[in-house]
Amino acid sequence: MRKELQLVFRHDGQLALIIAAMALIFSVVSPAFRTTGNLVSLMENYSVMAMMAAGLLVVLVSGGIDISFAAIAAVTQYVVALILINAGGNWLLAFALAAAFGGLLGVVNALLIYYLRALSVIVTISTMTCYFALLMFVTEGKSLYNLPDWFTDDLTFWSIPFPVLVAAILLIITASILSRLSIGRQVYGLGGNPEAAKRMGSNVLGLQCFVYGYSGVMAGIAGLVQAHRVEEVVPNALIGRELDVLAAVVLGGASLAGGVGSVSGTILGIVLLAILQNGLTLMGVSSYSFGFVTGLVILLSVSATAYAAKRQARSSARHAV
Amino acid sequence: MTDAVPALEVRGLSRQGQYAGVDLVVRPGEILGITGRLGSGRTELALSLFGMNPPDAGEIRVNDKAVHLLNNRDTIRHGIAYVSEDRLSLGLVMPQSIADNTVISVLDRLTGPLGLIDAARRTQTIDHWIFQELHVKTSTADRPVQQLSGGNQQRVVLAKWLATEPRVLILDSPTVGVDIGAKTGIYQVIDALAARGLAIILISDEVEEVLHESHRILVMLSGHITATYDPHRVSEQKLLEAIHA
Amino acid sequence: MPSKTISNLAGARRATFTEWLERDPTVTMLCAFILVAALAFGALTPARFFSGETFRAMAFEMPEMGILALAMMVPLMSGGLNLAIIATSNLSGLATAAIVTSLIHPSSSPVAVAGVIALALLAGMATSLLIGFITGCIVAFLGVHPILVTLGTMTAVKGISVYVTNGGVIGGFPAAILWVGNGTLLGVPVSMILFIFCAVLVALIMTHTPFGVAVRMIGSNEKATRYSGVATNWMLVGVYVLSSLLCWVASIIMMARFNSARAGYAESYLLITILAAVLGGVDPNGGFGRVLGLFLSLILLQEISTGFNLLGFSPHLTEAIWGATMLFAIFIALVRNQWSLRLWRSKTAQ
Chain A
1 MRKELQLVFR HDGQLALIIA AMALIFSVVS PAFRTTGNLV SLMENYSVMA MMAAGLLVVL
61 VSGGIDISFA AIAAVTQYVV ALILINAGGN WLLAFALAAA FGGLLGVVNA LLIYYLRALS
121 VIVTISTMTC YFALLMFVTE GKSLYNLPDW FTDDLTFWSI PFPVLVAAIL LIITASILSR
181 LSIGRQVYGL GGNPEAAKRM GSNVLGLQCF VYGYSGVMAG IAGLVQAHRV EEVVPNALIG
241 RELDVLAAVV LGGASLAGGV GSVSGTILGI VLLAILQNGL TLMGVSSYSF GFVTGLVILL
301 SVSATAYAAK RQARSSARHA V
Chain B
1001 MTDAVPALEV RGLSRQGQYA GVDLVVRPGE ILGITGRLGS GRTELALSLF GMNPPDAGEI
1061 RVNDKAVHLL NNRDTIRHGI AYVSEDRLSL GLVMPQSIAD NTVISVLDRL TGPLGLIDAA
1121 RRTQTIDHWI FQELHVKTST ADRPVQQLSG GNQQRVVLAK WLATEPRVLI LDSPTVGVDI
1181 GAKTGIYQVI DALAARGLAI ILISDEVEEV LHESHRILVM LSGHITATYD PHRVSEQKLL
1241 EAIHA
Chain C
2001 MPSKTISNLA GARRATFTEW LERDPTVTML CAFILVAALA FGALTPARFF SGETFRAMAF
2061 EMPEMGILAL AMMVPLMSGG LNLAIIATSN LSGLATAAIV TSLIHPSSSP VAVAGVIALA
2121 LLAGMATSLL IGFITGCIVA FLGVHPILVT LGTMTAVKGI SVYVTNGGVI GGFPAAILWV
2181 GNGTLLGVPV SMILFIFCAV LVALIMTHTP FGVAVRMIGS NEKATRYSGV ATNWMLVGVY
2241 VLSSLLCWVA SIIMMARFNS ARAGYAESYL LITILAAVLG GVDPNGGFGR VLGLFLSLIL
2301 LQEISTGFNL LGFSPHLTEA IWGATMLFAI FIALVRNQWS LRLWRSKTAQ
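Chains A, B and C, in that order, give the protein sequences.
Each residue of the first sequence is one higher than the one before, counting from 1 in this note's numbering.
Each residue of the second sequence is one higher than the one before, counting from 1001 in this note's numbering.
Each residue of the third sequence is one higher than the one before, counting from 2001 in this note's numbering.
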């Protein structure tokens, strides 16, 4: 376990260095970058993404992938908003509804993956399509504007914007689950060696329901907070962000193979992408180039990780006997 | 046999952390047994002879010509074949057909002018090795190979490698997961192959097997060849002691 | 003893009809569904479904989806996935479109036009080749999971497309190009001829070339295939190169049919290509699949799509149904695997 911790620190350390370097460059090139206002607003912008990333991280660690979280967020956002508009409520109710509905949609993923014995990528692409298309069909693409005031009013706690606070809490919860709770260890185990996990009697169905349900819960809350931030519910606002979130999580050290990944890495991954995009914007680079930059960053990052893993495997083979 | 040019000769082969200073010679028609504990370096040595584990030092000679094995395709071209100890995940592609598993290593030799596989030659290769030579018990070669018994699966593996027309055949634990009755059948096949002039290296940690089949036995311990024995003049007891020294 | 191998074409003629049915339950099932769907839609929209116009429309719509489905099938057979096929098509189309629209003027001579078109097509092909080669190399030599690589290339390639066009369109092509998408040869759409040609080519490659056999074996077990002396790395590069080349062909048809090229075309196709493949019997885990199955499933999907259109279904509803159909297709694949297993068990001859 210690060796894995070392790897995490090394990876996080490298990321932190890159982030520091980028931050330095951007601060010099564009003074607007390093103002508190900019940084706070940046954190607030990416808080929704951070929540979704936390959910996706758990799924990746378990060895699966979830492409439907943005769709879950969109649907949950709409459903909860409808309820709040028509039946009233408060924040507690809002969170409970978002978590429950999102979690439910997530558990559907888990059940399909388990009982159909299918690849998670294909199942979640299917559910994503279903959820989102049904949403667009039912809503005819119309947004919801008349959200209750208590919902849309700006909230800050000790000058921390509400979205950032929620993101921070969810990230801490995720980190605690993964590193301290037994279920977290089982999730790592399932991802690292699914055969062994089955043989050891791990309840695979239960674990799947947990990870995909968790991803759904995170997505649901993320959708809720997004609605609060922009003060309206736009059905197709969150779609298309899936890749950015995946990029951040993968940058942070999670692998599609499963068994690796950490919240700290994910946070760094998001920070890296946020600073990169923010810096480019402040420098006047067209936002049309973001796609290319993000894609390039993904490719470079996964290539570097894979290459490093290969070199490590080769050198440990040398010291086998 | 002793006058023939060695099919395979190894001098001073070393790879850090795995084996060192390995010398061995195998002649056509000879079965050389190599035995030793798990971790003695036997499989690593075998993989080096097969071009998949490049050594740090030493020389490999095929038919008395020094060769530099870049990868296993190179090695197959030099006439060396390797039957892995892990039949289930490395020896065969389980979900695929017996037929495809048989010809996978020689596909390039079965193509016609347009680069398409000549169906007649493919069928002929399969018929020859699967049915005529190795008598694999199956009604058709189109079934997934995982449906066969362990012994028959091993015959398919042998068919695949024999189709490459090797001069040297390295067998790594060839009867693991094969029941007693089928084991005898495989020994018969090995003997027949040796009688036809193939040089065979038989790696196994089953001492009886090595004693029964080999013309000469090498003992490997912690990466070194520690002893050579004549199977007619050594007891099982002595051999076991040498292995676990 | 005469061999009973009937896996190659030469032997197929000797198999009896029932053996053929049993041998490929997928094909049987698809044929049945196609028939049922045709009857159902025919009953629901009597005058319009069984009309020449409908079949004409279907024949023109199918090819671009079909070639993209082929582009998805090849990586699936190798045990991977190519999520970048649409992005690759669009960028190739943009490259071709850019050259054609900037170098061809109304006053250009036919020879010049032909020359520019050839150049433009080459540019499109080179774009696809490059993307496929890079993808294949990262997958094969660096060992990165194809999903991640192709997500990365998809994002990057789309990014390039958007950046280069500022999100806009390039349009207005000469008649020669439009003919590919809208013309007919002896009553059959040119694009359909292209599609059938590609389908036959891919089928031939996958079943009758060393490359194709190697790809299927790699799909089931890459390591064992490598241990058998196959250059699996280069095979995998070849897989993504072939996939991308098919994207290039699809891009020509799309360009021709839309008379324009842009970054975001056909994005909803991605799911449908995977659906067509899985429904057509391609195992998403790799190693198995037949072009015939893919072809039939494309016909079925085209039927359903046209039928829904005629019935006035909203495109969103249709898309939701595709998602559900994919899940259904996986369910069918599961049932089919169990059935095949039971079939062989009952016929066991050691």
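You may find that some hints are simply not true.
[As the list claims (entries may be wrong)] Cross-link-like lysine-lysine pairs, in silico, BS3-like; alpha carbons within 25 Å at most:
| # | chain 1 | residue 1 | chain 2 | residue 2 |
| --- | --- | --- | --- | --- |
| 1 | B | Lys1137 | B | Lys1183 |
| 2 | C | Lys2223 | A | Lys142 |
| 3 | A | Lys198 | C | Lys2223 |
[Claimed, not checked] The calculated label-pair distances, taken between Cβ atoms and stated as ranges, are:
| # | chain 1 | residue 1 | chain 2 | residue 2 | range |
| --- | --- | --- | --- | --- | --- |
| 4 | A | Glu232 | B | Gln1146 | 18 to 24 Å |
| 5 | C | Thr2184 | A | Ser287 | 40 to 46 Å |
| 6 | A | Ile173 | C | Leu2311 | 57 to 63 Å |
| 7 | C | Ala2126 | A | Ser287 | 49 to 55 Å |
| 8 | C | Leu2122 | A | Leu300 | 25 to 31 Å |
| 9 | A | Leu165 | B | Gln1146 | 40 to 46 Å |
| 10 | B | Ala1066 | A | Leu205 | 35 to 41 Å |
| 11 | A | Asp154 | C | Asn2166 | 33 to 39 Å |
| 12 | C | Trp2179 | A | Leu205 | 41 to 47 Å |
Read the hints as simulated data drawn from the structure, not as lab findings.
Predicted model, so just to flag it, every value in this text is computed and none were measured.
Don't be surprised by glycine CBs; every beta carbon is placed ideally from N, CA and C.
*For which of the previously enumerated hints does the structure constitute a violation, in increasing order of number?*
Result: hints 2, 4, 6, 7, 9, 10, 12 break, sorted rising.
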